[in-house]
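Asker: Given chain A, work out where chains B and C should sit, using these hints.
Residue numbers (the working numbering), protein chains in the order written: chain A, 1 to 162; chain B, 1 to 499; chain C, 1 to 115.
Errors might be hidden in some of the hints.
[Claimed, not checked] Example chain B residues on the side facing chain C (calculated, C-beta under 8 Å, incomplete): (1) 138; (2) 166; (3) 451; (4) 452.
[Unchecked claim] Computed footprint of chain A on chain C, listed as stretches where at least three residues anywhere in the stretch have a Cβ under 8 Å from a Cβ of chain A: (5) 30-39; (6) 63-70.
Don't read these hints as lab results, they were simulated from the structure. What you are looking at is a predicted structure, and each value in this text was computed from that prediction instead of being measured. Ideal Cβ positions, reconstructed from N, Cα and C, are used throughout, including at glycine.
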Amino acid sequence: MTATIFILLAALAVLGAVLAVLLPNAVHAAMALIVMLVATAGIYLLLSAPFVAVIQIAVYAGAIMVLFLFVIMLMNVELRIPLRRWTLVAGTVAGGLFLYQTVHLLRGVMDDQARSGADGFGSAHEVSSVLFAEYVVPFELVSVLLLVAIVAAVVLGKREAA
Amino acid sequence: MPTLESLPHVLPEVALAVTAAALFVLEALWQPRGRARRVGFPLLALGGLLAALLFLVASPSSAEPRFFGGLLTQDPFSTFVRGVAIVATALAVGLALGSPSLPSNRRVEYHGLLVLLALGMCLLSSAGHLLMIYVAIEIVSLTSYLLAGFDDRGGRSAEAGLKYVLFGGVASGVMLFGFSLLFGLFGDLSLSGLGQALAHSTTLSTGAGRWATLLALVFVLAGLGFKIAAVPFHMWCPDVYEGAPTPFTALLSVGPKAAGFAVLLRFGTGLWPELATDAAAATSALPWLLLLGVMSTVTMTVGNLAAIWQDNLKRLLAYSSIAHAGYMLMGVVAGGREGPGAVAVYLAVYLIMNIGAFAVVSAVDRSAHSEDIGVYHGLGRRAPLLALAMAVFLLSLTGLPPTAGFVGKLYLFASLIHHGGFWYVLLAVVGVLNSVVSLYFYARVLRAMFLESAAGEPAPVSLANSAAALAVVLAVPTLALGIFWQPLAAIANFSGSLF
Amino acid sequence: MQQHRTGPAWGQEEKLIPLSHTILLSAVLFAVGTVGFLVRRSAVMMLVCVEIMLNAANIAFIAFARHHLSMAGHIWVFVVITVAAGEAAIGLALIVALARERGTIQVDELRSLKG
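Isolated chain A (complex conformation) (with noise of 0.2 Å):
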């Protein structure tokens, strides 16, 4: 059962992956891009990380996605702009090859063996508790990064046309 449903999503990733790579439409090609990110929410709650899970839907599929379909519609410029053809064969043999490399490298490596995580492993509770004890430095230090993007929307949309 469980094998299955993983199964499903990561080919629902996979396919929703090359779709936001190979379509033209960039409109087309964002859609795709969500469809992977959903499907990445629910491989997390397959893997015991049901926080992040809502966080991937509410921040990246929702907002992120959003500001990029946003910035698609809202620009009139050209959207179907063609792909680079021979850089895509080329493309498709390299990462084959890394593929092909990666997974054979790993598969020697870690044990394959699943665990079930503790009780309440990954949920908002424990990720809290680690975050603002051993995290939180970084976790305040994120605050600096989202206000250099607020500065940065304010500086780059406010400035006049030439």
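Answerer: Just chains B and C, lined up with the frame of chain A:
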């Protein structure tokens, strides 16, 4: 050391964060005009940077170097690099005074972002945990993307920013994947924990394990190589340097590079603690050192050869800064106490001479509105003081005596030769050969300034601006440190230790 | 095994997904994202491909987090998602600024800087 007791050790960072916040809030609430705006805000930024520097110098020494439960590691090397980052930022604030390449209604944001960039660089140079490295790199990167696209005259600057974002995004994505592999292979995220896991793990005893670790290290190196602009992760560098506003390009060529080198060194000594004491004993670090050695060779060669064909001074200095990343990588390869010491000396020298060179470019740009080598023809007669300063910087960048650059290169070569071993000496020889090649394109600028006369009636170059003043001021230590190098020796002694 | 309230019920009883499956998925997505970045010519779509790469790394982090029973992987993903938001905001803001000045977001046509 737990969180609260660690706070006194990060006072410089706190000062920087408070300064940046104050700049943004004052601009939003008060919106001053006139002199308060033109002079007041840069002074506030400079004051914050000065406060950070004072806190840094006065920071309490501690027997325990790891703070916030190992998230930050502070040692003499990181203290030194934090100092370099803060001074470089202060110089960039000075260069920006009256610069036409920054929109006049956006200067406050510019200064606030510079201070945040300094904060990111300080954190990056003392990060002792993969997550801290990631967050600090992203603070430095995001701020740099925005600052590179700051100039609103024409699209050159925005194009530079966009290219920077795209390359940077991929580089950090690849690095992230490398971090995830390291986390998976060794089950830890702190550098010291990874070092222990590497020493005791059975992962490295199998062939597949060694290759998987190497793959992870290559991915990590992609991200760090991007920050120091090492080949083959340098493609963004010339375009971004050319398009970004010159005062920021000066900082970009020094600050993030210095912080990147600090991470590179700390990453190496964190994973293989032997590297910090006895570089020869670190046999398990061999693939890492081999990667860095090859990167160093390729980086300086490509940088120097590509610089020969450049007619735009900013692009020429961009390729030269790539080559200098290659030189400094030699010190990282040498390891031990001497390697980091040599890198620190070179960073100090590079800070002065490279920002100096960009200050001259900025000063000429203000009158001639171009960075093409053509506008430098006859500069020796039109603005002798400025041309003389540029000559000092160029000779120092080449590494000729009696300039500081010579002393810096000497330390780098010496660290390799003292280490001994055929490959180490060979790397030093490649470095020397590269310095000879670099003489060619630096001398081309010298010839343009002093031997060729300007065509037509060139615009007079004004010396009455902050960039020209800064260039002349920076030329003095470039020469002085080449003759009296005791301060540099003290730097090498002080900052040679990492833990 | 006792079921916990917050985790998924079906994740617990059967013996779960092997690590190699999730790592394979992560590697596939990473490769697709990287190839996509090289193949696409529109700046917006190149940013989208970067998001795919970040997502691939996130899956690996979550998988390894459970493998090592360490919550650090979850914290990491939390941070990455925030960073991705910041990066996307700055990237898109630059794209909008450039599109207003040039009328194109096709990277091949950005040639005012030689290189």
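Asker: So, for every hint listed, does it hold in this structure?
Answerer: Hints, one by one, checked against the model:
no., hint, result
1, 138, "holds (5 Å)"
2, 166, "holds (5 Å)"
3, 451, "violated (27 Å)"
4, 452, "violated (23 Å)"
5, 30-39, "holds (count 8)"
6, 63-70, "holds (count 5)"
Comparing the model with each numbered hint stated earlier shows that hints 3 and 4 do not hold.
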